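*Asks:* Here is what each chain is made of, one letter per residue.
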Amino acid sequence: MRPDLSAMDTLPPSPGSTVAFEKTALDILIATLRQRGYTVVGPTVRDDAIVYDEIGGVTDLPIGYVDEQEAGTYRLRRWEKDTFFAYTVGPYAWKKFLYPPEERLWEVRRENGTLRFTEAPLPTEQYAFIGVRSCELAAIRIQDRIFTGGPYVDPRYQARRERLFILAVNCTRAGNTCFCASVGSGPQAEGPYDIALTELDEVFIAHVGSVLGGQILAEVPHRPATEEERAAAAERVQATARTMRRALDTTDLRDLLFNHQEHPHWEDVATRCLACTNCTLVCPTCFCFSVEDLTDLQGESAWRVRRWDSCFSQAFTYTAGRPARQSIASRYRQWLTHKLAGWVDQFGVLGCVGCGRCITWCPAQIDITEEVARLREQPPQTERSPS
Amino acid sequence: MPGGQRKPKLAVWKFTSCDGCQLSLLDLEEHLLAIVGRVEIAYFLEASRATVRGPYDISLVEGSISTPHEAELIKEVRKQSRFLVAIGACATAGGIQALRNFADVRAFVDIVYAHPEYIRTLREARPIADYVTVDFELRGCPISRYQLLELISAYLHGRQPSIPTYSVCAECKRKGVVCVLVSQGVPCLGPVTQAGCNALCPTYRRGCYGCFGPMESPNPLSLGRRFETLGVPPADIIRLYRTFNAFAPAFREGSEHYEQTSSHAHD
Numbered sequence: 001m002r003p004d005l006s007a008m009d010t011l012p013p014s015p016g017s018t019v020a021f022e023k024t025a026l027d028i029l030i031a032t033l034r035q036r037g038y039t040v041v042g043p044t045v046r047d048d049a050i051v052y053d054e055i056g057g058v059t060d061l062p063i064g065y066v067d068e069q070e071a072g073t074y075r076l077r078r079w080e081k082d083t084f085f086a087y088t089v090g091p092y093a094w095k096k097f098l099y100p101p102e103e104r105l106w107e108v109r110r111e112n113g114t115l116r117f118t119e120a121p122l123p124t125e126q127y128a129f130i131g132v133r134s135c136e137l138a139a140i141r142i143q144d145r146i147f148t149g150g151p152y153v154d155p156r157y158q159a160r161r162e163r164l165f166i167l168a169v170n171c172t173r174a175g176n177t178c179f180c181a182s183v184g185s186g187p188q189a190e191g192p193y194d195i196a197l198t199e200l201d202e203v204f205i206a207h208v209g210s211v212l213g214g215q216i217l218a219e220v221p222h223r224p225a226t227e228e229e230r231a232a233a234a235e236r237v238q239a240t241a242r243t244m245r246r247a248l249d250t251t252d253l254r255d256l257l258f259n260h261q262e263h264p265h266w267e268d269v270a271t272r273c274l275a276c277t278n279c280t281l282v283c284p285t286c287f288c289f290s291v292e293d294l295t296d297l298q299g300e301s302a303w304r305v306r307r308w309d310s311c312f313s314q315a316f317t318y319t320a321g322r323p324a325r326q327s328i329a330s331r332y333r334q335w336l337t338h339k340l341a342g343w344v345d346q347f348g349v350l351g352c353v354g355c356g357r358c359i360t361w362c363p364a365q366i367d368i369t370e371e372v373a374r375l376r377e378q379p380p381q382t383e384r385s386p387s
Numbered sequence: 388m389p390g391g392q393r394k395p396k397l398a399v400w401k402f403t404s405c406d407g408c409q410l411s412l413l414d415l416e417e418h419l420l421a422i423v424g425r426v427e428i429a430y431f432l433e434a435s436r437a438t439v440r441g442p443y444d445i446s447l448v449e450g451s452i453s454t455p456h457e458a459e460l461i462k463e464v465r466k467q468s469r470f471l472v473a474i475g476a477c478a479t480a481g482g483i484q485a486l487r488n489f490a491d492v493r494a495f496v497d498i499v500y501a502h503p504e505y506i507r508t509l510r511e512a513r514p515i516a517d518y519v520t521v522d523f524e525l526r527g528c529p530i531s532r533y534q535l536l537e538l539i540s541a542y543l544h545g546r547q548p549s550i551p552t553y554s555v556c557a558e559c560k561r562k563g564v565v566c567v568l569v570s571q572g573v574p575c576l577g578p579v580t581q582a583g584c585n586a587l588c589p590t591y592r593r594g595c596y597g598c599f600g601p602m603e604s605p606n607p608l609s610l611g612r613r614f615e616t617l618g619v620p621p622a623d624i625i626r627l628y629r630t631f632n633a634f635a636p637a638f639r640e641g642s643e644h645y646e647q648t649s650s651h652a653h654d
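From first to last, the protein sequence lines stand for chains A and B. Quick note: the first sequence uses my numbering, first residue 1, plus one each step. Quick note: the second sequence uses my numbering, first residue 388, plus one each step.
Treat the hints loosely; a few may be bogus.
Below 20 Å or equal to it, Euclidean Cα-Cα: the simulated EDC-like pairs (lysine to aspartate or glutamate) are [stated by the list, open to error]:
{"#": "1", "chain 1": "B", "residue 1": "Lys401", "chain 2": "B", "residue 2": "Asp522"}
{"#": "2", "chain 1": "B", "residue 1": "Lys562", "chain 2": "A", "residue 2": "Asp82"}
{"#": "3", "chain 1": "A", "residue 1": "Lys81", "chain 2": "A", "residue 2": "Glu125"}
{"#": "4", "chain 1": "B", "residue 1": "Lys562", "chain 2": "A", "residue 2": "Glu377"}
{"#": "5", "chain 1": "B", "residue 1": "Lys562", "chain 2": "A", "residue 2": "Glu292"}
{"#": "6", "chain 1": "B", "residue 1": "Lys562", "chain 2": "A", "residue 2": "Glu54"}
{"#": "7", "chain 1": "A", "residue 1": "Lys23", "chain 2": "A", "residue 2": "Glu80"}
{"#": "8", "chain 1": "B", "residue 1": "Lys562", "chain 2": "A", "residue 2": "Glu80"}
{"#": "9", "chain 1": "B", "residue 1": "Lys562", "chain 2": "A", "residue 2": "Asp47"}
{"#": "10", "chain 1": "B", "residue 1": "Lys562", "chain 2": "A", "residue 2": "Glu300"}
{"#": "11", "chain 1": "B", "residue 1": "Lys394", "chain 2": "A", "residue 2": "Asp47"}
{"#": "12", "chain 1": "A", "residue 1": "Lys23", "chain 2": "A", "residue 2": "Glu103"}
Don't read these hints as lab results, they were simulated from the structure. Quick caveat, the model's predicted, so the values are computed rather than measured.
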């Protein structure tokens, strides 16, 4: 049916309400955000993949593109439909904006015989994320807890996060490496978001998640969504869940990992694992970093940088003259055990949101769902643990 | 801090090499004045005939040990040097000339030289560390001039240099480069190669050639199997592992594995 957009509400749609708008009107929404001072970041095609980068309008979106993902393989192709969001997640998670790969934390200069310390100014970016998927929202919830949940708040993450506008998108197509449904993080978006869209053939169905989201939508020609449209949107998301091929069996997962520390399968993974760090760096929840102090040649200034680190690097466990985890088996075991077991004790949730990035972007085609399934198959054995 | 009030003396030595790595020092144009303000360039024939006698605080050693003469000379350089740094693929792995280590060097000499009887060469081109103790290694073909600057800075201020030994993949991911292996099926040595180039080739959508040599915990056989699934023939996998760092143990393991399993090994 054709939407009638003439009867536009004068009041902003309130949180909890659902409206419909023409797909091309997303351009107005993006323009509104830009006018309000947001740096609008969304999916766009670069270097044979869909990455998140600054966008100026809907023409920058990957309209008509779909991705095909398998373990260790990602291919982008056009299809016959002019869909805005039919692809799934690309290589880079939103964490690269909220928690950048490298940041200077402070610097110190020699001045008149004393040392003058200066903290790096707090970030001032005001991001609007366009097209955040349910798994990615789950990851943001987890990183919120990590960086701002405890007694020690990361002020740099917090500064970016507090000003963030989120336009979520419910997935209407499952990628081959997706398994969000099995870990309870999708494909239906759960908060926090300002607006959540579901793409139908003619219109977007927008669920208002916040007062601000309603105010932004007020600038976009819209009307209340019909009962049929809401049902169609729900059905598309349910179909995504039904067609998801991969799954991670979470039954007693924490205990499975903790009880299988001596399992011979770790050595099997190690014959394939490259310890290249890709899985951890594409993971939207992995948060480990290292800090390094650097100096200039003259010795006039020094500064501390924070960089993404990975439990697959040797230096990660460098203690008392050597890395504690020397073997690749011990590092893979650490990653999986933290992600799926220790994480639960530490943060109260699984560290995996089922986005499938670690599967797609592993050059060695290692599949986290498959490795867990293999651990389940074989009984644990008492052997010397990998060191 | 080494040297006290006296400026540390720096020497640059060349063995079998193309000179590209030592030129990286001169490539540090905007930092050169600062460098000579802090160190005395005491021996650097590529830059100046004027030399100062040893001993030297820092020696940058470029090139592989490829002749009996070099095998003696490097011992003298070691004696004259407090902190000896091997720079580049030749000095750290034998370089491209170490390809001869997989063949019969006498046969090459007979073909190439009109009077092979004048040629005194070793059967293998080998890294500096096979002959003397090396205090630090800078990888690359050529080295990264930023890593060289970082090493000199760290030495001057008595701190650990920030020279990571993990894979090139970490640099790609931090930089936002889309993986060429996963997105294009391009054979890329990044997962087994040490970082330091700031992911130069993948940034330009090329596979990594491995010029920084093996990373800290390389798994060349697993990556080789992945190349096989991409349809790369064994002879090409051998060639991938046999370039600038062919004689580095991990890359050697990779190429020799396919040499044993391939009938095209000697084409």
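*Asks:* Compare the structure with each hint and give your call.
*Replies:* Quick rundown of the hints versus the structure:
For the suggested pair Lys401 of chain B and Asp522 of chain B, the alpha carbons sit about 17 Å apart, so the restraint of at most 20 Å is met. With a C-alpha separation of about 31 Å, the suggested pair Lys562 of chain B and Asp82 of chain A falls outside the 20 Å cut-off, and the hint is violated. A hinted pair counts as satisfied when its Cα atoms are at most 20 Å apart, and Lys81 of chain A with Glu125 of chain A does not qualify at roughly 35 Å. Note on Lys562 of chain B and Glu377 of chain A: the hinted pairing is violated, with a Cα-Cα distance of about 39 Å set against a maximum of 20 Å.
A C-alpha spacing of about 18 Å is found between Lys562 of chain B and Glu292 of chain A, which places the hinted pair at or below 20 Å, so the restraint holds. Note on Lys562 of chain B and Glu54 of chain A: the hinted pairing holds, with a Cα-Cα distance of about 16 Å set against a maximum of 20 Å. For the suggested pair Lys23 of chain A and Glu80 of chain A, the alpha carbons sit about 17 Å apart, so the restraint of at most 20 Å is met. The suggested pairing of Lys562 of chain B with Glu80 of chain A is violated, with an alpha-carbon distance near 33 Å, which exceeds 20 Å.
This hinted pair checks out: Lys562 of chain B and Asp47 of chain A have alpha carbons roughly 13 Å apart, not beyond 20 Å. For the hint linking Lys562 of chain B to Glu300 of chain A, the alpha-carbon distance of about 28 Å lies beyond 20 Å, and the restraint is violated. With a C-alpha separation of about 48 Å, the suggested pair Lys394 of chain B and Asp47 of chain A falls outside the 20 Å cut-off, and the hint is violated. Note on Lys23 of chain A and Glu103 of chain A: the hinted pairing is violated, with a Cα-Cα distance of about 37 Å set against a maximum of 20 Å.
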